[in-house]
Amino acid sequence: MNSLVYLITRKTWGVIRGWYRKPLSAILTSLALLFVGGLLVGLVLSPSRSDLVDFSIVSILLTGVFVGIFTFSLLSKNKALVYQNDASFVLAGPFSKKQVLGYVLMNDVTQNIWMTLIFSSYILIFSRGAIGSIGNFFLVFFAIFLFSGVMLICTSYDYVLEKGIAKYSIIKKIGLTLLVGGFLLFAFSIAMRSGIDITTPYTLFSDGYLHWYPVFGWFLGLLYHGFMGEFVMVVLYVFLLALLGAVVGWLFFNTKIDFYEAAMMDSQRIQVIVDKAKSGNTADLAMMNKKLKSKQGKFSSGALAIWSSYVLQMRKSNQFIKIGDFIFFSMYTAIAYFTGSLESYIMMISIVVFITINSDALTYELKRPYVYLIPDSSFKKMLVLLLPMMYRMVIITVLGGVMSMVMFQQTIGGALFFVLSLWGIALVLIAGSVFTLKVLKGNKNPLVEQLIRMLIIAIALVPSIVLVVGLTLTVLPLDSPNWFMTVSIVVLMINSGLSLGIVKLSSNMLEGSDMFV
Amino acid sequence: MIVVNKISKKYGKVLAVDNVSLQAQPGKITVLLGPNGAGKSTTIKSIAGLLNFDGDIYVNDYKNISVEAKRSFGYVSEVPMLYDALTVKEHLRFVLKSYKKEEDLEKIESLLKQFNLADHQDKLAKELSKGMSQKLSFLCALIIEPQALLVDEPLLGLDPQAIEQMLQTLVELKNNGVSILLSTHIIDMIQDFYDEAYIMDQGKIVTHIIKEEDTLPLKTIFFEQVGKIL
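Order-wise, the sequence lines are chains A and B.
Positions 99 to 615 (this note's numbering) are the ones given, in order, by the first sequence.
Positions 302 to 531 (this note's numbering) are the ones given, in order, by the second sequence.
I should point out that these hints are in silico values taken from the structure, not numbers from a laboratory.
Any given hint could turn out to be false.
As the list claims (entries may be wrong) - Below are the BS3-like pairs computed for lysine-lysine, each with C-alpha atoms no more than 27 Å apart in a straight line:
| id | chain 1 | residue 1 | chain 2 | residue 2 |
| --- | --- | --- | --- | --- |
| 1 | B | LYS329 | A | LYS177 |
| 2 | B | LYS364 | A | LYS391 |
| 3 | B | LYS505 | A | LYS539 |
| 4 | B | LYS520 | A | LYS465 |
| 5 | B | LYS311 | A | LYS389 |
| 6 | A | LYS396 | B | LYS408 |
| 7 | A | LYS396 | B | LYS311 |
| 8 | B | LYS520 | B | LYS402 |
| 9 | A | LYS536 | B | LYS431 |
| 10 | A | LYS602 | B | LYS364 |
| 11 | A | LYS175 | A | LYS354 |
| 12 | A | LYS389 | A | LYS478 |
| 13 | A | LYS354 | A | LYS374 |
| 14 | A | LYS195 | A | LYS261 |
| 15 | B | LYS314 | A | LYS391 |
Claimed, not checked - Computed footprint of chain B on chain A; a stretch qualifies when at least three of its residues, placed anywhere within it, have a C-beta under 8 Å from a C-beta of chain B:
| id | segment |
| --- | --- |
| 16 | 181-190 |
| 17 | 397-403 |
| 18 | 460-471 |
| 19 | 600-611 |
Quick caveat: nothing in here was measured; it's all calculated off a predicted structure.
We treat Cβ as the ideally placed atom computed from N, Cα and C, and that holds for glycine.
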């Protein structure tokens, strides 16, 4: 067993060491950690302004996300107990079944720590105001750790059961429908009692009956009573979740099911998926288990052929908007609806743009030879490579504009201002993503990536602010009826120019890049 | 013609290619040989403009990263990198159009027939076997009628018949005046086909062999120079 513990600790250490392998990556990782640490210190130093209504929105959102992840992980067909490199060593090595299962459980704990850190960082960055105080942050951190731990153990046990019991998958689907469907129905009936409006998250969060609902309700109960400082109840919900984890863990550890062959085969399959995900190959990933339609398409000439190929692939997979993007968009639109202001909606959609516009499609192409080989100018090729990101930007922002008209009775002019303002940010974000790739040379470090993108946006805002202040003080007073529209157009133009400059600066990546190794 | 002049390439602190110079003449098959990690693939990728490097590379008198040079050479990667959701035929159409050439369907059909892929032309890349993917990758380089061809480990994953077919094609291209530079591990297979060979070890060229001048078999020279098992 010692060798398995050694393997897990070395693997984890290897990931951390990888971030500090190169000086630049080390500096940027440290900066990113300082940034997150700074946010935490900010929470400690700022006067605690715990707001139950704000906190309830974060808690309900988190519960919703976990309901989704829990359901998805249990229903997903792309599962494995271990990765391929582990499989050849752990499954084929001189280890007892209990040692192998113990290794899987240790893997779950490691995975849980990463998952908790990632979720907590996101919450800290995007919902700091709603978290309110450092105490609340640690409460959320602990609740995520406990719940995702239970979730991972359940997923591992579910995998083994699926391999050993013939009709298990039907039983699971029925059980899951009852558990998740029941929770959603229960929550819906509570919400309907007082009518769905901006107070709904608070109503759900504070409902004592809902807290008794197994698993998801316990999580919500833990957050609610933690926030209220009712520690006896906190202990109770912690006990319920921990007990569930312990029971499932015990059952898993003592299973008699022979899972070796299936685990070996699935490890190979999952490795393909992991490799594709690591190389940013999300397009192929999305299509892996999908039945593709037969579609004919024409290819444009030169660099634009890459875009034609992208469109043809989208048409074949019938995936014009990514499900993940749609979920983020719906989630943040719902939050804005419940917080009830247009300003917060603009902020929310900015966050959606920040999260969804990433460099996946670009990374995918940069790891293939075609973009380098195509005999066309590098700048033109780079612009074409950015079209998928721009496409996502247009879809999300236009949808946001339309929703702003529906939810907040915006005028067409107002919605146009909304869309143009977001384009101003999104274009810099896109250019920032390209520049980040150039700087990091494909070394994926999500924290650092986000930090550089934020830095670029902050720097890019300076000329816009200077010009807008200048305009306001000279020719366009603040009370002018066209102030908003003029300012949004000016910002869009400045940011377009800046973005083009950054893209031009980065386009020599297509004359040879260390990403293609 | 491919001219590589004193190129070096570092991955972090590791010097993968160290001051390498070589030439691949038109109408000749030039082979890059070497043990694992010798720098063969890095050299070929640098010539193809996929990696940045120090030094100069020219393809048909143009800098390798220029549009003019790119128009004139084809590249076959070690691992076929295809678009999962595009069919065999769509890959070839895509390459033709991206090189601003006419979609010559007859040429596509004829190449597919020649490489026994005609029956698979509407198959998606993700449905192809490893060997078929490798063939398609090769065809993507051939369809543009290159004047120079860079081939990185072309024989991996192919069955004996496909290896023979690929080597015959390389000979045909050579006879048509194409400059061919290929890296391989399989010395026995290329003994009859190569014209010149460069043996690499630890990032450096250790020997340049011209077949007409050297009577010893390539394998013997290789082991004499490198002293390692491939």
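Hint check:
no., hint, verdict
1, B:LYS329 - A:LYS177, "violated (50 Å)"
2, B:LYS364 - A:LYS391, "violated (42 Å)"
3, B:LYS505 - A:LYS539, "holds (25 Å)"
4, B:LYS520 - A:LYS465, "violated (34 Å)"
5, B:LYS311 - A:LYS389, "violated (43 Å)"
6, A:LYS396 - B:LYS408, "holds (17 Å)"
7, A:LYS396 - B:LYS311, "violated (40 Å)"
8, B:LYS520 - B:LYS402, "violated (41 Å)"
9, A:LYS536 - B:LYS431, "violated (32 Å)"
10, A:LYS602 - B:LYS364, "holds (20 Å)"
11, A:LYS175 - A:LYS354, "holds (22 Å)"
12, A:LYS389 - A:LYS478, "violated (33 Å)"
13, A:LYS354 - A:LYS374, "violated (34 Å)"
14, A:LYS195 - A:LYS261, "holds (15 Å)"
15, B:LYS314 - A:LYS391, "violated (47 Å)"
16, 181-190, "violated (count 0)"
17, 397-403, "holds (count 6)"
18, 460-471, "holds (count 6)"
19, 600-611, "holds (count 3)"
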